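**Q** Listed below, chain by chain, are the residues.
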Amino acid sequence: MSDLRLQKTIIKPVNGLLEIDLKELLRYKDLWRMFVKREVITQYKQTVLGPVWFFINPILTTVIYMIVFGKIAKISTDGLPQPLFYLSGICLWNYFSNCLIKSSNTFVANQHIFGKVYFPRLVMPLSTIVSSLYVLGIQLFIFVAVYVFYVIKGVAVMPNAHILLLPLLIVMLAGLSLGVGIITSSLTTKYRDLNILFTFIVQLWMYATPVIYPLSIMLPHRQWIAVINPVTSVMETFRYAVLGTGTFSWLYLAYSFVFMCVVLGIGVVVFNKVQRSFMDTV
Amino acid sequence: MNDTAIQFHNISKQYRLGLVTTGTLSHDLNRWWQTAIRKKEDPYLRIGEVNDRTKKGSSDYVWALRNIDFEVKQGEVLGIIGKNGSGKSTLLKILSRITTPTTGMIEAWGRVASLLEVGTGFHPELTGRENIYMNGSILGMTKKEIDRKIDEIIDFSGVERYLDTPVKRYSSGMIVRLGFSIAAHLEPDILVIDEVLAVGDAEFQKKAIGKVEDVSQNDGRTVLFVSHNLEAVNTLCDTSILLDNGELVKQGKTGDIIEYYTGNRKYHSTLEVDDRKLLRPHFKDIQIKTSASQGIHYFGDSLSISLQVFFPYRVNACALSFQIKDAANEVPVVYNWYSTAGELKRLVNRNGLCTVAINIPSLRLYKGNYYFRFSLSDPRGKIIFDKVDEFFLFEVNMSKTSNEWGWPNGPKYIETTVCEVK
Numbered sequence: 003m004s005d006l007r008l009q010k011t012i013i014k015p016v017n018g019l020l021e022i023d024l025k026e027l028l029r030y031k032d033l034w035r036m037f038v039k040r041e042v043i044t045q046y047k048q049t050v051l052g053p054v055w056f057f058i059n060p061i062l063t064t065v066i067y068m069i070v071f072g073k074i075a076k077i078s079t080d081g082l083p084q085p086l087f088y089l090s091g092i093c094l095w096n097y098f099s100n101c102l103i104k105s106s107n108t109f110v111a112n113q114h115i116f117g118k119v120y121f122p123r124l125v126m127p128l129s130t131i132v133s134s135l136y137v138l139g140i141q142l143f144i145f146v147a148v149y150v151f152y153v154i155k156g157v158a159v160m161p162n163a164h165i166l167l168l169p170l171l172i173v174m175l176a177g178l179s180l181g182v183g184i185i186t187s188s189l190t191t192k193y194r195d196l197n198i199l200f201t202f203i204v205q206l207w208m209y210a211t212p213v214i215y216p217l218s219i220m221l222p223h224r225q226w227i228a229v230i231n232p233v234t235s236v237m238e239t240f241r242y243a244v245l246g247t248g249t250f251s252w253l254y255l256a257y258s259f260v261f262m263c264v265v266l267g268i269g270v271v272v273f274n275k276v277q278r279s280f281m282d283t284v
Numbered sequence: 011m012n013d014t015a016i017q018f019h020n021i022s023k024q025y026r027l028g029l030v031t032t033g034t035l036s037h038d039l040n041r042w043w044q045t046a047i048r049k050k051e052d053p054y055l056r057i058g059e060v061n062d063r064t065k066k067g068s069s070d071y072v073w074a075l076r077n078i079d080f081e082v083k084q085g086e087v088l089g090i091i092g093k094n095g096s097g098k099s100t101l102l103k104i105l106s107r108i109t110t111p112t113t114g115m116i117e118a119w120g121r122v123a124s125l126l127e128v129g130t131g132f133h134p135e136l137t138g139r140e141n142i143y144m145n146g147s148i149l150g151m152t153k154k155e156i157d158r159k160i161d162e163i164i165d166f167s168g169v170e171r172y173l174d175t176p177v178k179r180y181s182s183g184m185i186v187r188l189g190f191s192i193a194a195h196l197e198p199d200i201l202v203i204d205e206v207l208a209v210g211d212a213e214f215q216k217k218a219i220g221k222v223e224d225v226s227q228n229d230g231r232t233v234l235f236v237s238h239n240l241e242a243v244n245t246l247c248d249t250s251i252l253l254d255n256g257e258l259v260k261q262g263k264t265g266d267i268i269e270y271y272t273g274n275r276k277y278h279s280t281l282e283v284d285d286r287k288l289l290r291p292h293f294k295d296i297q298i299k300t301s302a303s304q305g306i307h308y309f310g311d312s313l314s315i316s317l318q319v320f321f322p323y324r325v326n327a328c329a330l331s332f333q334i335k336d337a338a339n340e341v342p343v344v345y346n347w348y349s350t351a352g353e354l355k356r357l358v359n360r361n362g363l364c365t366v367a368i369n370i371p372s373l374r375l376y377k378g379n380y381y382f383r384f385s386l387s388d389p390r391g392k393i394i395f396d397k398v399d400e401f402f403l404f405e406v407n408m409s410k411t412s413n414e415w416g417w418p419n420g421p422k423y424i425e426t427t428v429c430e431v432k
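Going down the list, the protein sequences come from chains A and B.
Positions 3 to 284 (our numbering) are the ones given, in order, by the first sequence.
Positions 11 to 432 (our numbering) are the ones given, in order, by the second sequence.
These are computed hints drawn from the structure, not numbers from a lab.
Warning: the hint list may mix true and false statements.
To be verified - Anything over 12 Å on all C-beta distances counts as not near chain A; from chain B, calculated:
1) Asn-228
2) Thr-245
3) Asp-254
4) Tyr-270
5) Ala-302
6) Asp-311
7) Asn-326
8) Ala-338
9) Pro-342
10) Asn-346
11) Thr-350
12) Leu-363
13) Thr-365
14) Asp-399
15) Val-431
As the list claims (entries may be wrong) - Label pairs and their computed distance ranges (CB to CB):
16) Pro-53/A x Asp-248/B: 52 to 58 Å
17) Ala-158/A x Asp-157/B: 52 to 58 Å
18) Ile-198/A x Glu-135/B: 27 to 33 Å
19) Leu-288/B x Thr-11/A: 54 to 60 Å
20) Gln-9/A x Ile-394/B: 51 to 57 Å
21) Arg-194/A x Asp-248/B: 43 to 49 Å
22) Arg-139/B x Ile-115/A: 17 to 23 Å
23) Glu-170/B x Lys-31/A: 25 to 31 Å
24) Leu-199/A x Ile-394/B: 43 to 49 Å
Unchecked claim - Straight line, CA to CA, 16 Å or less: simulated EDC-like cross-link-like pairs of lysine to aspartate or glutamate:
25) Lys-192/A x Asp-38/B
26) Lys-10/A x Glu-81/B
27) Lys-10/A x Asp-199/B
28) Lys-93/B x Glu-269/B
29) Lys-263/B x Glu-241/B
30) Lys-335/B x Glu-400/B
31) Lys-154/B x Asp-32/A
32) Lys-47/A x Asp-174/B
33) Lys-10/A x Glu-117/B
34) Lys-397/B x Asp-295/B
35) Lys-221/B x Asp-165/B
36) Lys-178/B x Glu-135/B
37) Lys-10/A x Asp-13/B
38) Lys-217/B x Glu-162/B
39) Lys-377/B x Asp-311/B
40) Lys-159/B x Glu-170/B
Please read these numbers as outputs of a predicted model, since none were measured by experiment.
Even glycine gets a Cβ: it sits at the ideal position worked out from N, Cα and C.
Model the full assembly from the supplied sequences, consistent with the hints where possible.
**A** Have a look at this one:
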């Protein structure tokens, strides 16, 4: 008596390109939550300083940037105090590169679990994106603390209404890193070459993004080169919103948003195709 | 209305042998050129040869499964048996959606949960309780379901005391217990189990098999069960299928399938010649004489074995052993001799061929099929000079004159006893 309520599953060699089961993804929301929890809890387990590392990491990076790019290379910070300027870039960039690297490793790092049990593989990179938000939160908290410190000291910075765009900025970073990450992870299941290359690409990408320099140091007629990079407008918008310097343009932001949607779309389609049989090649 | 739970339509699965290298890339490009551009057939998907792992083939591609076509009814408990590499696990992997079939299709009605391993996704740093939630959600349970079942799970696992300790402090047995308990409390319509019951201690194995029985009989779930433990398959499954080299050989009642399988296993009756062996001490010839002809032996009769052992060089100590194994690979009889004492002292420092004659005055194995395993090693068993397994299949019958008195769960060995009434 195969009653009608029994849901039917069909397993066949090739699925359509666009057969993406988003409902299934929702059904596994508890798993999603568990992975997020696992990542947050286990990150610094059995370290003496524990979650304090979340603070130390951006602070040390800021100090290094102040010495290397501020003191030695003397790159402009748009007249802002160096810690404030670098920290604003580091917070967002760290989130982006974290998500990027982790999601680009999805298949290789989880092949053990993926080889034993089925669940929508997309849950894995999605939970990475969410769990990294936790680190971003802590780093933004440090940023706010430093910010308040400078305001008290009398530095003329003032957030403006564009700060309301922050959630959108984070969503854009998440979507972009997820898209690029899962495309990379799909391509690396068979040939690992790209994985090795990818670390360099991420590093290069940072220098192509106004993290340690403001967009304004580029000549106006050459700025379009930097703006091709979809992360640029996100960084600049954030700086404009909280520090009042930098370039803000709805056009640039819209471009980045469309770019993100396209990459994410391609990523989900490719990932969906690869996930079904990657165990044979990984 | 139909009562099918799973329908396999001509499932085949192809694998490429060897490493993923530049060769793979060129094949990929060639395949893409042939199929996408020239719209021809995939050049590597030709009907290849049978997947026999012992023989070297000419193609780099093998079929792990070939045209598997059968149906599982709802509430059926189906056993899948076959040798290593016969395609059992591949079949389960396809059904569990870990990989896809190369050709063919499966239709399944209901939620499928597969247990190819216990404790998948356990994180060593998380506590037992946290891992119950972790593993449960990986297996497809919702948080609500786990909340409802957690007490039962803890109770069944018997590791309550350690529940708030990280799993990395657990013994391997405890991890298995916890892992199985979670899986056992899943409520899928179709449950797929691969060999996992083989782990854990005897007490827990019994509990686990009982639980699977419970799930299938009382809850009416469909279960697919893979195991090398033929006894477990026999207890659990009404029907079974037999796979060999990726093909479905036989399907039917479990008892018949097991009989066919064990009767059909390849047993050597002569020794294989292996050049590498010749340099070490090895068995040159083994002759076994049962009490009746054609490999039939009657209960309680004497059985004699004559071994020819060749020593290419002198050894100062050795051990000779043989086991008699039954169809389920269990070992009811073991004999060991060491060259440190007794008759075997004379094997020490010999060069060349010597003959060892062994006689078992009364072999009291219960009726069934048995075979031998011989081994020649150093006394501590660390260096094995030579071993011969699955040798000489023979059948024990109970009595020459009267009919056999078969017991349902028969013994393996019946010892002689002296009974006195005063």
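**Q** Does each hint fit the structure? Answer for all of them.
**A** Hints versus structure:
1. Asn-228: holds (17 Å)
2. Thr-245: Thr-245/B clear of chain A: closest Cβ-Cβ about 25 Å, beyond 12 Å.
3. Asp-254: Given that every Cβ of chain A is farther than 12 Å from that of Asp-254/B, nearest at about 22 Å, it holds.
4. Tyr-270: holds (29 Å)
5. Ala-302: Ala-302/B is indeed farther than 12 Å from all Cβ atoms of chain A, at 49 Å.
6. Asp-311: holds (50 Å)
7. Asn-326: holds (47 Å)
8. Ala-338: holds (27 Å)
9. Pro-342: Since the minimum Cβ distance to chain A is about 35 Å, Pro-342/B lies beyond 12 Å and the statement holds.
10. Asn-346: Given a closest Cβ separation of 39 Å, the condition holds.
11. Thr-350: Thr-350/B clear of chain A: closest Cβ-Cβ about 47 Å, beyond 12 Å.
12. Leu-363: For Leu-363/B, whose nearest Cβ neighbour in chain A is about 50 Å away, the distance exceeds 12 Å, so it holds.
13. Thr-365: holds (51 Å)
14. Asp-399: holds (30 Å)
15. Val-431: holds (61 Å)
16. Pro-53/A x Asp-248/B: 52 to 58 Å: holds (55 Å)
17. Ala-158/A x Asp-157/B: 52 to 58 Å: Given range 52 to 58 Å: holds, Cβ gap about 54 Å.
18. Ile-198/A x Glu-135/B: 27 to 33 Å: holds (28 Å)
19. Leu-288/B x Thr-11/A: 54 to 60 Å: Holds, at about 55 Å.
20. Gln-9/A x Ile-394/B: 51 to 57 Å: Once the Cβ atoms are compared, 53 Å apart, the range 51 to 57 Å for Ile-394/B and Gln-9/A holds.
21. Arg-194/A x Asp-248/B: 43 to 49 Å: holds (47 Å)
22. Arg-139/B x Ile-115/A: 17 to 23 Å: holds (20 Å)
23. Glu-170/B x Lys-31/A: 25 to 31 Å: holds (29 Å)
24. Leu-199/A x Ile-394/B: 43 to 49 Å: Between Leu-199/A and Ile-394/B, where Cβ atoms are some 47 Å apart, the hint holds.
25. Lys-192/A x Asp-38/B: holds (11 Å)
26. Lys-10/A x Glu-81/B: holds (15 Å)
27. Lys-10/A x Asp-199/B: holds (11 Å)
28. Lys-93/B x Glu-269/B: holds (14 Å)
29. Lys-263/B x Glu-241/B: holds (14 Å)
30. Lys-335/B x Glu-400/B: Judged against 16 Å, a Cα distance of about 8 Å means the pair holds.
31. Lys-154/B x Asp-32/A: holds (9 Å)
32. Lys-47/A x Asp-174/B: Holds, at roughly 15 Å.
33. Lys-10/A x Glu-117/B: Holds, because 7 Å separates the two Cα atoms, which is no more than 16 Å.
34. Lys-397/B x Asp-295/B: Answer holds: Lys-397/B to Asp-295/B is near 12 Å, not above 16 Å.
35. Lys-221/B x Asp-165/B: This hinted pair holds, its Cα atoms lying about 13 Å apart.
36. Lys-178/B x Glu-135/B: With a Cα-Cα distance of about 6 Å, the restraint between Lys-178/B and Glu-135/B holds, given a limit of 16 Å.
37. Lys-10/A x Asp-13/B: This hinted pair holds, its Cα atoms lying about 13 Å apart.
38. Lys-217/B x Glu-162/B: holds (14 Å)
39. Lys-377/B x Asp-311/B: Between Lys-377/B and Asp-311/B the Cα gap is close to 13 Å, so the pair holds against 16 Å.
40. Lys-159/B x Glu-170/B: Judged against 16 Å, a Cα distance of about 14 Å means the pair holds.
The structure shown violates none of the earlier numbered hints.
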